Amino acid sequence: DAKTTQPNSMESNEEEPVHLPCNHSTISGTDYIHWYRQLPSQGPEYVIHGLTSNVNNRMASLAIAEDRKSSTLILHRATLRDAAVYYCILRDVDSGGSNYKLTFGKGTLLTVNP
Amino acid sequence: NAGVTQTPKFRILKIGQSMTLQCTQDMNHNYMYWYRQDPGMGLKLIYYSVGAGITDKGEVPNGYNVSRSTTEDFPLRLELAAPSQTSVYFCASSYSTVGGYEQYFGPGTRLTVT
Numbered sequence: 001d002a003k004t005t006q007p008n009s010m011e012s013n014e015e016e017p018v019h020l021p022c023n024h025s026t027i028s029g030t031d032y033i034h035w036y037r038q039l040p041s042q043g044p045e046y047v048i049h050g051l052t053s054n055v056n057n058r059m060a061s062l063a064i065a066e067d068r069k070s071s072t073l074i075l076h077r078a079t080l081r082d083a084a085v086y087y088c089i090l091r092d093v094d095s096g097g098s099n100y101k102l103t104f105g106k107g108t109l110l111t112v113n114p
Numbered sequence: 001n002a003g004v005t006q007t008p009k010f011r012i013l014k015i016g017q018s019m020t021l022q023c024t025q026d027m028n029h030n031y032m033y034w035y036r037q038d039p040g041m042g043l044k045l046i047y048y049s050v051g052a053g054i055t056d057k058g059e060v061p062n063g064y065n066v067s068r069s070t071t072e073d074f075p076l077r078l079e080l081a082a083p084s085q086t087s088v089y090f091c092a093s094s095y096s097t098v099g100g101y102e103q104y105f106g107p108g109t110r111l112t113v114t
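Residue numbers (our numbering), protein chains in the order written: chain A, 1 to 114; chain B, 1 to 114.
Worth flagging that the hints you see were computed from the coordinates, not collected in a lab.
If you're wondering where the values come from, they're calculated on a predicted model, not measured in any experiment.
Positions of the beta carbon are idealized from the N, C-alpha and C atoms, including for glycine.
Label pairs and their calculated CB-CB ranges:
#1 B:Asn28 <-> A:Lys3: 28 to 38 Å
#2 A:Pro114 <-> B:Gly51: 42 to 52 Å
#3 B:Ala2 <-> A:Pro114: 30 to 40 Å
#4 A:Glu66 <-> B:Leu80: 50 to 60 Å
#5 B:Ile12 <-> A:Pro40: 19 to 29 Å
#6 A:His76 <-> B:Gly63: 37 to 47 Å
#7 A:Pro17 <-> B:Ser96: 31 to 41 Å
#8 A:Met59 <-> B:Glu79: 38 to 48 Å
Generate coordinates for the entire structure from the input sequences, incorporating the hints supplied.
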């Protein structure tokens, strides 16, 4: 299974942009890059996903390197509510080839300072 | 929509007891999942289901059983509870789409086995 590498923790100031990196050097051509986050004492929530092109939504932007071996989640203006663990995940395909599962690592703990 | 709901929120079990963790989704999703999260760790997949009547093992299925008699419900059964099953359990659901998908998570059940 393709693996991801993320820093254990990062720190940011409120209202500043945050760039969360993720390395996935063994990514395959059909792997989607997903980002989830987990606020304290809550279940994970979807943030964004992409395949090859950069993606934007109301929560964040996802910048994917041209060789797809790394990606960056961008929070344009961090708020205190963005303090969470952020998971970068590559979508796994099981042996059946049609069932896609997510494998969560330890993620990056983002601290936002007021 | 209520999304994914889980009951109970908290539970303390004695070693050897059994219990069922309930999970219900009202989004008509085909796929449902059970994860566990140990302190300071990422999520590990226990079981998943691709539709009513169809279930399959994930990464850590030992000590657990599941059933899926309806699209909405996906209960997780713990038989002969052990201290190693102390964890937070998350249920999730998703559509199955070709282009990518997001998983919706419940709020979790915090289980302690003593």
